[in-house]
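*Asks:* We have chain P already, so just place chain S on it with the hints.
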Amino acid sequence: MAIRLSAFRRRHWILLALFLAAAAASGVFATRLVVQTLYWSSHRDEPIAGWMTLGYVAHSHRVPPWVLRQALDLPPDLPDRRPLGEIATARGVPLDALRLRLEHAIAAARPPNPPPPARPPARPPEETPPEEMGR
Amino acid sequence: MSEELIGLIGDHGPLALFGILAINCLGVPFPTTLLLLALGSFVGQGEMAFWPLLLWGLAGMALGDNGGYLLGRLAGTAVTRRLAGRPRAAATIARAERLVQRWGGLGVFFSRWLLSPLAPWVNLATGTARYPWPRFALWELLGGALWLGLYLGLGMLFSRSVHNLSLVLGNLTWFLIFALAAALLAWRLLARLRKARRPAAKR
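As you go down the protein sequences, you meet chains P and S in turn.
Take the first sequence: its position 41, counted from the start at 1, is 40 in numbering that gives the first Met the number 0, and no numbers get skipped.
Take the second sequence: its position 153, counted from the start at 1, is 152 in numbering that gives the first Met the number 0, and no numbers get skipped.
This is chain P alone, in the form it adopts within the complex (with noise of 0.2 Å):
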């Protein structure tokens, strides 16, 4: 039998060793798939990304998107579509600047601070910077 054997796997030993690639690679991404959904379930912030809109991210925080947009010197009142990767190639500034100043934000809006309200406080109109008023 043990002989029958080696010389079965000397004649497949190609179809063995795709057999045991493909189980070994469903077994990484089974693992991935599990430490993933473990993940999910524990941290519900996600990490703020190039492709987010600042409408996604005030969304996925919880909090009212006009603290994001004044966060980042944007007219409280307008949406902005504009995945954040493009907003920071506008302005020259590496991603992480605004990321940085987004969380600062969110955090502000959190408890333990008092919840902002739904709607911008009413401002004076020359705090909007006018490069950005396209958008």
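Just so you know, the hints here were simulated from the structure itself, not pulled from any lab data.
Ideal Cβ placement from N, Cα and C applies to all residues, glycine included.
Don't take each hint at face value.
[As the list claims (entries may be wrong)] Chain S stretches covered by chain P per the calculated footprint, using a threshold of three residues with CB under 8 Å from any CB of chain P:
1) 5 to 11
2) 37 to 51
3) 99 to 110
4) 117 to 129
*Replies:* Only chain S this time, still in chain P's reference frame:
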């Protein structure tokens, strides 16, 4: 890349999804899982409308997928013509064609939504093996609608967790692909093992 794609759709609306998916279905690996989930989240937040995304997306997929099928079909005709004088190669191709005729519909359907990284290859294979085009087009449309509806819907449902959900779904998809490959290879190995044992049992 996700950033540019989402920026494109923000600027041009659902029409951009048409172009992105048409190119994607020809085999350019765009991060479509994250893209569709993010669009679903925007729909959930009331920033975009569901049906234009679904219909433009479906039209883009149909263009790209049927284009891939057509490429395979043209290549298949050329190869068959060249191998006409070589009976062994022709027999191998005929066997592959029978396999595709039998499993092509299921392959097209499941590679649209459950095993989506395989879709461009399935397009080429079904075209090359001359799987009937009306059936290809029907399964493509059904599977594509399911994929778009499912991913946009999941994005709407988990609209605050698109990033995490895309990681989970990506891992799930690749797990299923490799598990399926392992199962098929194990099945082939067992079939050969049984074949190898049979003469010994007679002795």
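*Asks:* Please go over all the hints and tell whether each is borne out by the structure.
*Replies:* Going down the list of hints, with the structure as the test:
no., hint, result
1, 5 to 11, "holds (count 3)"
2, 37 to 51, "holds (count 5)"
3, 99 to 110, "violated (count 0)"
4, 117 to 129, "violated (count 0)"
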